[in-house]
Amino acid sequence: MIDAVGNPQSLLVLGGTSEIALAVVRRYTAARKPRVVLAARPSPRRDAAVAELTAAGVPVTAVDFDARDVGSHPTVLDKAFADGGIDVALVAFGVLGDAERAWQDHEAAVELAEVNYTGAVSVGVGLAARLREQGHGVIVALSSVAGERVRRSNFVYGSTKAGMDAFYLGLGEALRPEGVTVTVVRPGFVHTRMTDGLRAAPLSSTADQVAAVVVNAVRDRRELVWAPAPLRLVMSALRHLPRAVFRRLPA
Amino acid sequence: MLVRLSGWGRTAPTVARLVSPRDYQAAANIVKESRERGVIARGLGRSYGDPAQNAGGVVLDMTRFDRIRRIAVDDRLVDVEAGVSLDALMRALLPHGLWPPVLPGTRQVTVGGAIAADVHGKGHHVVGSFGDHVRSLDLLTADGSVRTLTPDGAGSALFWATVGGMGLTGVVLRATLRVVPVETSYFVVDTERVDNLDDLLARQSADDDRYAESVSWFDVTATGPRLGRGVLTRANHATLRDLPRKLRRDPLAFDAPRLLTVPDVLPSGLLNRATGRAFSELWYRKSPTRYGQVQNITRFLHPLDVIGEWNRGYGPRGFLQYQFVVPFAAVDVVRRVVERIASSGHVSALNVLKRFGPGNRAPLSFPMPGWTLCVDLPVRPGLGELCDELDELVLGAGGRHYLAKESRTTADAVRRGYPRFEEWRAVRASVDPDGVFASDMSRRLKL
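Residue numbers (the numbering used here), protein chains in the order written: chain A, 1 to 251; chain B, 1 to 447.
Hint data in this document are derived by calculation from the structure and do not stem from the laboratory. Predicted, not measured: the structure shown is a model, and the values here were computed from it. Hints may be right or wrong, so weigh each one.
When the alpha-carbon atoms are kept at most 25 Å apart in a straight line, the in silico BS3-like pairs for lysine-lysine are as follows [claimed, not checked]:
(1) K32(B) <-> K79(A)
(2) K446(B) <-> K33(A)
(3) K33(A) <-> K79(A)
(4) K32(B) <-> K446(B)
Take a look, some chain A residues computed to stay more than 10 Å from chain B by CB distance [unchecked claim]:
(5) P44
(6) A55
(7) Q134
In this text, a Cβ means the ideal position worked out from N, Cα and C, and glycines have one as well.
In isolation and in its complexed conformation, chain A is listed as follows (with noise of 0.2 Å):
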């Protein structure tokens, strides 16, 4: 269960290194110890985060998760619920890749295509089906505000992220009456290894800055929220821009 200040007593990740995912398991983990389970693929990341929560006395176990193979992820929930409900689910994996490959290499395309849309629905479908039957828990789904309005320059990416970002809202208002709450979060640029190398954009944060705005939201039970939360204003002021302007902003 969730208390009264949003404390869950365990947290299922999907996509179980992602980093912001990973800040919000530390800052769930710092007082209290719930339960966590990592989904994610047999990596040395993965077994380190293990290692890392095991040793700060956090009770932990780790299932194979793989996003493109959609078929097998009722089976990966089954097992992430094997020992007792979830109170709050992270789907917290997805892909970048090269923005300009994206667009032209068919294979590419077809990858984030998979991951950050297909993979999502796919887990989220799951995830709704068993916190209804819970009557309670949280979906954080990390969208992008990338998906927001989607610019020339990542719009494969953008693209994506604008799929999951509407299909978790509306999930969200579908659970509404069945005690689940699912949260979306737009962070902007969050300097992660996903954007090693890349130039932040303004209004750029850290994935503890995007874990913190994660846990106030889920205390506070809130279905939308932007990372840094005056992205809001600024992305309302970008969704408005005629096509003309918007494509002469400076990338």
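Please build the complex by placing chain B on the supplied structure of chain A, with the hints as guidance.
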């Protein structure tokens, strides 16, 4: 019907199937047919946290069982169904010159809930808690049968596990309560305005015994030497002779106006440092020292009952009540908690301090000899950490939390605070081995 339920603090809402059984048989059937996520009874929803909600399971709405079956005036006993509110009970008793001996801070609680939380009132130092006045109760248990339990003899272990058991031993269907005679429905109240916490503690320690009811409000927004300044209100039931001529014509009158109902539109954050300070100042100023004033029930016992749904004033994020008791020897912890809250930036306007008398035989009953302190805190960032800190102070001093208010502590804290927890657990396991009775609280605190 799927319904979103929360406690009075409006935190952590979850969805359950809410069922209103027509009769005991229907209630028994629901219990027998319960599935994995179980059943819990719910009364008027005045617990602050999550004991009367059950995410994904069934919640039994008990408010239909609202019959007062018999008032035995000469024996001073009343036989009621569990869904009867203390408000309704008091209205029915007063014309007979009778009075429920234990009234908590609101009358809007059911008899079943009052037993399950073993509630206390301002008179605890004299009369004990609610469970002390239950002569017998009918409990619907997990197997679908109904057992009549009494405080002594066979079944007494289950009786005392049910008192304070947060609804987890079964569903209280009916109870026989001992009530007390009164000449009037009024109180003779002594109000003392006190400059600081030490003085407040000292005065209560000195002569609480002279009063049937005693409680104090204190200010956590004033700092420095005025920290914990407060208002001590203590009273005895008024006799006929105490009343002014005007009131003598109808000495058992019951006046409970509902002045306004708070609409569900207020934002969170209305109670902040500025408004908290203003409220506290006002409350302090409006209560000059006065002795022997005659006050009615609402004014003395239940001032908040005149405002309907006052919890909405805290906005959608809700609030929590932090209530604990520590032994008298640990009075220093009371001071440290008040100082810690005052310096935290969190604001509490409704703060109550009281001395408890002896506890009772129920393993999970909250009261024990010592100081109990209660604060209302709106949910804001950092509140969880603050309460975790307070937990350490309280548990370290041999204190514990009141489960009827509890909404955020740990399973471990309950076990530390209630040394007889495992004894209670064993009784619960014997009568409900499969955990049919379950609530969000029982899952959260592994009860």
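Item to complete: Could you tell me which of the numbered hints above are not met by this structure, giving the numbers in increasing order?
Response: 1, 7
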